[in-house]
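**Q** One letter stands for each residue in the lines below.
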Amino acid sequence: MREITFSEALGEAMYEEMTRNPTIFTYGEDIAKQGGIFGAYKPLLGKFSDRIIDTPISEEVIFGSALGAALAGMRPVAEFHFADFIFTGMTAVTNQIMKIRYMTGGQAKLPLVLRGPDGISKSAAAQHSESIETIFMHVPGIKVIIPSTPYDMKGLFKTALRSDDPVICFEHKLLYKMKGPVPEEEYYIPFGVADVKRKGKDVTVVTTSRMVHESLKAAEVLLKEDIDVEVIDLRTLIPLDKKTVIDSVKKTHHLVVAHETWRKGGWGAEVASVVQEEAFDYLDAPILRVGARNVHIPFSPPLQDFVVPDHKDVEKAVKKVLGEV
Amino acid sequence: MDYSKEFLQGLYRTMVRSRAFDSKAEELFLEGKLPGFIHLYIGEEAIATGVMANLRKDDYITSTHRGHGHMIAKGADMKKMMAELYGKITGYCRGKGGSMHIADLSIGVLGANGEVAGGLPIASGAGMAIKLKKTDQVVVAFFGDGASNRGAFHEALNWCSVYKLPVIFVNENNQFASTERVQETTSVQNISDRAVSYSIPGVTIDGNDVSAVYETVKSAVERARNGGGPTLIEAKTYRIKGHFVGDPTLYRGKKEVQEYWKREPIGRFEKKLKEMGMLTDKEKENIKNEAEKEVEEAVKFSEDSPFPEPVSALQDLFVDDTGYGY
Ligand SMILES: Cc1ncc(C[n+]2csc(CCOP(=O)(O)OP(=O)(O)O)c2C)c(N)n1
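Line by line, the protein sequences are chains G and D.
Counting in my numbering, the first sequence runs from 1 upward without gaps.
Counting in my numbering, the second sequence runs from 1 upward without gaps.
Don't read these hints as lab results, they were simulated from the structure.
Note that beta-carbon positions come from the ideal geometry of N, C-alpha and C, so glycine has one too.
Just to be clear, a hint being listed does not mean it is correct.
Negatives, chain D to chain G, calculated, CB over 10 Å [stated by the list, open to error]:
hint, residue
1, Glu-84
2, Lys-96
3, Glu-184
4, Arg-225
5, Val-311
6, Leu-314
A few chain G residues that face chain D, going by a derived Cβ cut-off under 10 Å, partial list only [claimed, not checked]:
hint, residue
7, Thr-88
8, Ile-132
9, Phe-306
Straight-line C-alpha distance at most 27 Å; calculated DSSO-like pairs for lysine-lysine [said to hold, decoys possible]:
hint, chain 1, residue 1, chain 2, residue 2
10, G, Lys-224, G, Lys-264
11, G, Lys-33, D, Lys-255
12, D, Lys-282, G, Lys-122
13, G, Lys-320, G, Lys-264
14, D, Lys-254, G, Lys-42
15, D, Lys-272, D, Lys-33
16, G, Lys-177, G, Lys-250
17, G, Lys-251, G, Lys-199
18, D, Lys-33, G, Lys-122
19, D, Lys-284, G, Lys-177
20, D, Lys-300, G, Lys-122
21, D, Lys-254, G, Lys-33
22, D, Lys-282, D, Lys-272
23, D, Lys-284, D, Lys-79
24, G, Lys-122, D, Lys-255
25, G, Lys-217, G, Lys-242
26, G, Lys-42, D, Lys-300
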């Protein structure tokens, strides 16, 4: 199969759906000239120039206007530039987009997508490095997709572009250049279907985004010690595929949740709660969580490495859950 | 301008030091020696210099992501700045902040900011504190043209006008917000026009003319110190370097940039001082050499300094540092 980058996968998803659906348009800061700060929209530039719009630095209006445009019959895809800056327009998301259908008794349909980069990069420091997906899982009213491979990026995003509900998509900065197999033929990935990225029998690791790759790396290392790890990529947090997780736990009896966002109160805590509520009897050990330490992402490389989890943290947690340390 | 040679050369020296620092930062970044992102102040030095020449040490400023020049003009220590760019323990923020978050509260710098327009509400609060404490300090809030399209800008102007706070809003209109030209995203010809909506004085000046900046800010500061409230000053300049070091700048032509190099503030002021008989070639060389030496010393200091201990990442969340970072 041909290989393309994560960023190209996003570009293709947009290209195909924009070709099909003239109501899709996209806007945000720095997208119309260079196709976004990570260049994902480059393939769209010549073709849909009237449907790719550079906006002022006005986040509350970027998000709020997506709601207005969706109510008025369009299908906006608004970019948030850096996940950290969603907060500058947060009220438009949590107080408007996520509530209006419910508050109006189901009258409104909101075919809109918010998307952009999150996570660490090479020392971008505290205001350009956050992973904040948990917040959108906590507050009801938006579907949360968080792909880890080019294949998932394209398939999930195409589904997002056909969804009649609001969707937020988090794309990890360190994944944009990653290559992976993506078929030429059209495909869609339904929401709420986790992907078992690696089958294993000893411990289940539930993860997303960049940490999928760190968990796979950990699984490789642990295999040498005869520990067989199953890596589950949730792919979407809302809806959450409980069944795949619980089925896996029934088999492995050990669970580790791993994400880049803060360990304290991260979405892994929710997954852990669900599992202990619904599959407690299958667990042989307490569930362990891997996540960032309880501080902000610091600038200096040795500090960032210390705060943000990687495969070594997953390895440690897997061994600990098995009682091996 | 009827000023002493010492004063005028002081302005010149500040601009030259700022340029030397950023030129070195650019070079070091391109050599792969600095982590993160660097936004250069090259070509905008006249603004920070002209503004800060009106401020006292106990006056406050809020800076931006493009803030090295603000720091230097306010009196920051280049060694600690450079060490922060390197991510070393001897840096201003002990390696936690980097270029975009340098601050020195001891000289009134209330922080650079990674969030566009993030400093304006902070400046408004410092203004409230001054009013409540009944001192005659002032606050200068620096922000870009792009920042003037955020709600925070509009809310802060209205706020400071209503409470008559001693805040001077200094807009550095370098004509670009990353890849976007100011006129593509901004409803007014001059950002100072926006002052009208908030019933405060608004003025546009040539931001590459350090004397014009100095004079304009002088009267705004005087008014603010005397309870006259805020002013919006738009200093028009041009970002002759990329948005960040490494920016391919596909959104503009080389010719345009070359044209603006001819108008950059240091060469202009140098010419003016020479015409006035206020700067000899020898003095000029001395100032440049001293600045370069200062920067070299800062680089050496930084390279000789250690990285922070990883566990130090867990400190500094609260004053009460008893286990909140883990
Ligand atoms: C609230 C917010 N939105 C977006 C960004 C990303 N960003 C960083 S700098 C920048 C452009 C800023 O332009 P301007 O205010 O004119 O300052 P300049 O870079 O020209 O000095 C943008 C969009 C940000 N840092 N903060």
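**Q** Hint by hint, say whether it matches the structure.
**A** Now for the hints, and whether the structure bears them out:
Under the 10 Å C-beta cut-off, the non-interface status given to Glu-84 of chain D relative to chain G is violated; the minimum distance is some 8 Å. A Cβ of chain G approaches the Cβ of Lys-96 of chain D within 10 Å, the least distance being about 4 Å, so the stated non-interface status is violated. Not every beta carbon of chain G lies more than 10 Å from that of Glu-184 of chain D, the smallest distance being close to 6 Å; the non-interface claim is violated. Every Cβ of chain G is farther than 10 Å from the Cβ of Arg-225 of chain D; the closest lies at roughly 32 Å, confirming the non-interface assignment.
For Val-311 of chain D, the condition that its CB be more than 10 Å from all CB atoms of chain G is violated, with the nearest at approximately 7 Å. Its beta-carbon lying about 6 Å from the closest one in chain G, Leu-314 of chain D breaks the requirement of being farther than 10 Å from that chain. Interface restraint check for Thr-88 of chain G: the shortest CB-CB distance to chain D comes to about 7 Å, inside 10 Å, so the restraint holds. Taking 10 Å as the C-beta contact cut-off toward chain D, the hint placing Ile-132 of chain G at the interface is violated, the least distance being around 14 Å.
Checking Phe-306 of chain G against chain D: minimum C-beta separation of about 4 Å stays under 10 Å; hint holds. Pair hint Lys-224 of chain G plus Lys-264 of chain G does not hold up; C-alpha atoms about 31 Å apart against a cutoff of 27 Å. With a C-alpha separation of about 19 Å, the suggested pair Lys-33 of chain G and Lys-255 of chain D falls inside the 27 Å cut-off, and the hint holds. A distance of roughly 43 Å separates the Cα atoms of Lys-282 of chain D and Lys-122 of chain G; the hinted pair therefore is violated under the 27 Å criterion.
Under the criterion of a C-alpha separation no larger than 27 Å, the hint pairing Lys-320 of chain G with Lys-264 of chain G is consistent with the structure, at around 18 Å. A threshold of 27 Å between alpha carbons decides the hint, and for Lys-254 of chain D with Lys-42 of chain G the separation of about 22 Å falls inside it, so the pair holds. The straight-line distance between the Cα atoms of Lys-272 of chain D and Lys-33 of chain D is roughly 37 Å, outside the 27 Å bound, and the hint therefore fails. Note on Lys-177 of chain G and Lys-250 of chain G: the hinted pairing is violated, with a Cα-Cα distance of about 36 Å set against a maximum of 27 Å.
Only pairs whose Cα atoms come within 27 Å are accepted, and Lys-251 of chain G paired with Lys-199 of chain G is accepted, the gap being roughly 11 Å. Distance hint between Lys-33 of chain D and Lys-122 of chain G is fulfilled; the C-alpha atoms sit about 12 Å from each other, no more than 27 Å. Between Lys-284 of chain D and Lys-177 of chain G the alpha-carbon distance is near 47 Å, which puts this suggested pair outside the 27 Å criterion. With a C-alpha separation of about 23 Å, the suggested pairing of Lys-300 of chain D with Lys-122 of chain G holds against the 27 Å cut-off.
Proposed proximity of Lys-254 of chain D and Lys-33 of chain G is supported: the alpha carbons are some 16 Å apart, at most 27 Å. A threshold of 27 Å between alpha carbons decides the hint, and for Lys-282 of chain D with Lys-272 of chain D the separation of about 16 Å falls inside it, so the pair holds. Of the pairs offered as hints, the one joining Lys-284 of chain D and Lys-79 of chain D holds, with about 23 Å between alpha carbons and a cut-off of 27 Å not exceeded. Only pairs whose Cα atoms come within 27 Å are accepted, and Lys-122 of chain G paired with Lys-255 of chain D is rejected, the gap being roughly 33 Å.
As the CA atoms of Lys-217 of chain G and Lys-242 of chain G are separated by approximately 24 Å, the hinted pair is consistent with the 27 Å bound. Simply put, Lys-42 of chain G and Lys-300 of chain D have alpha-carbon atoms about 42 Å apart, too far for the 27 Å limit, and the pair is violated.
Of the numbered hints given earlier, the model fails hints 1, 2, 3, 5, 6, 8, 10, 12, 15, 16, 19, 24 and 26; all others are met.
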